[in-house]
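Please model the complete structure; the sequences and the hints are all you need to start from.
Top line first, the protein sequences correspond to chains F and Y.
Quick note: the first sequence uses the numbering used here, first residue 1, plus one each step.
Quick note: the second sequence uses the numbering used here, first residue 1001, plus one each step.
Quick caveat, the hints were computed from the structure, so don't treat them as lab data.
Computed from a predicted model, the values in this text were never measured in an experiment.
Careful: at least some of the hints might be erroneous.
No more than 25 Å apart at the CA atoms, straight line, and that leaves these computed lysine to aspartate or glutamate pairs for DMTMM-like [stated by the list, open to error]:
#1 LYS1106(Y) / ASP87(F)
#2 LYS1094(Y) / ASP87(F)
#3 LYS1281(Y) / ASP46(F)
#4 LYS1103(Y) / GLU48(F)
#5 LYS1402(Y) / GLU48(F)
#6 LYS1273(Y) / GLU1312(Y)
#7 LYS1275(Y) / GLU1312(Y)
#8 LYS1106(Y) / GLU24(F)
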Amino acid sequence: MANLTRADVEHVAHLARLGLAEEELSRLEGQLNHILDQYTVLTALDTEHIPPTAQTIELQNILRDDVVQPSLAVEEALANAPERSGDHFVVPAILGAEGGS
Amino acid sequence: MTDLTRLHAHEMAALLRSGEVSSRALTGAHLAAAERQNRALNVWLVIYRAEALAQADAADKRIAEARREGLTGLAALHPLCGVPIALKDLVSVKGGQATAGSKILKGYIAPFDSTVAARLKAVGAVILGKTNMDEFAMGSSTEHSAYGPTANPWDLNRVPGGSSGGSAAAVAAFHAPVSIGTDTGGSIRQPASLCGVVGVKPTYGRVSRYGIVAFASSLDQIGPFARDVRDAAILLHAVSGRDDRDATSAPVPVPQELLSLPTGDDEAAGYLKGKRLALPKEYFVEGMEPGVAARVHEAVAAIQAAGATVEEVSLPYTAYGLATYYIIAPAECSSNLARFDGVRFGHSDRSSGEFIADYLRTRGAGFGPEVKRRIMLGTYALSAGYYDAYYLKAQKVRTLIKADFDAVWAAGFDAICAPTSPTVAFPMGARIEDPVAMYLSDACTLPVNMAGLPGMSIPAGLSDGLPVGLQIIGAPWSELSMLRLARGYEAITARATWRDLDPAELPLTDDPNTPSPMERKERLESAPAGGLGGQA
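The following block contains the structure:
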């Protein structure tokens, strides 16, 4: 069923935002194809009329009253920030930057 | 005084109430064992000595006050008050680390308590520290930790299982009477089996996942490890129940009877009489070790002899479980782990000055090989053109796997008995280069997660001197009857010689010359190909 090429592996790595070394890409090409081979057993099953299961408990539309509750203080929320500016996280510049996919 | 680390939590509870022992003494004894043996085992990623002793003193004060109030005061205390506990290092405890076994969360300090931690603190449990695990709970050996592997106290050259290998080994090595793990495809039950302890994966929705580092959100559940069934039930009671902070936690009442499983063996064994158990033939999978199959058949025969009926059943879609799981779990993980972008927390590399390149560098350096593999698999399975063929197909097969189990409950069975792991603990390095061999470790446990059912592993003897686990699987929300069955099995095997055996190589961990798991791993890696360990 599957035959991932080296270019496919590089494309998926880019979609996943994983910077991989040449050696990692080579290993993954072999390993991913081996794993995808295991998936071929599923093609034998006729599932045309079977509904999908996304979760197993019969809960839906869990609602709560829209009331203010205690949340993290600014200092606590920012404590793990790699980079901050005043009371804000510093996010990477996206507008005007090159290199969008 | 006897060695305090040998006590069960329910025994500690009685001694604390009578005043014969203090939480400070219990905590001190467990901290000493943990600190002394951690070099050889690498069970703990952090030990909270000062904080644990402070929590122990607070528990002692609380118990003393309760005693002054008399019987009603003591009855109001949870059995875990003053009892030491270990937490897997993906459970957020305010002010402490939560690495999830990953470099990408190195240095991260949790700014809030998970609901599990908050509930444990509320009942007065003493948090000793955080345990090692496969990175982001992805793995079956704890070798995928960024902080080195954990050794199995039964054989230090073997893995403890995973991903909750540290929590399982901590309980097996008497560093804590109970611990918390998480189970997405077997990550509590399989290490419990390999380390010879009890491990319980509750029904999906039984325990709040708030504040637990997420792997696959439709499969993850939190549960207890313990050295007997009563302790597992007590810890499950403490952490269960609806939580407004996790919309998938269900408003199902938590049975108070979890706190009062039978103490006497006769009463416990009596519960087995008239129970109807299913034995699925597909769970005796290809590649299962004969010793494992033999122990499970003996366990089932013993349960039958105690008055239960056992019938072979077929769960025909079992064989599709592995493929289905390894589409759904990676798909969910690739989505969950997108949050690690180096902006709000965690490892961050902004050296390129260009945002896509920074993401690539941050995530490429922060995640380990297995996590990258799963993110790649999940991203591929969800990508344009493949979604229907992989992800949607897997969700449909999930329906069929769940229906297999539904048919068993509809036929009136009380529970399913099966092996937990196809093999006993395997040597370090044996499966690390072959992801599919590693994935097969969970062939008998992962269908249970896909169906959202409660399942547990309980020690059922030894094969080649290593523990074998019996898996018991229940209908949704049937934890109480599942644990009563397990307690019954424990009672009818109470006099088996293997029940009282210590992990065989535990004494070696007191020897400062015993190599650390990292040193063992390095020796394996420097050995010539085909040498130590052997490729499975």
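Hints breached by this structure: Number 4 - this is the single hint that the structure violates.
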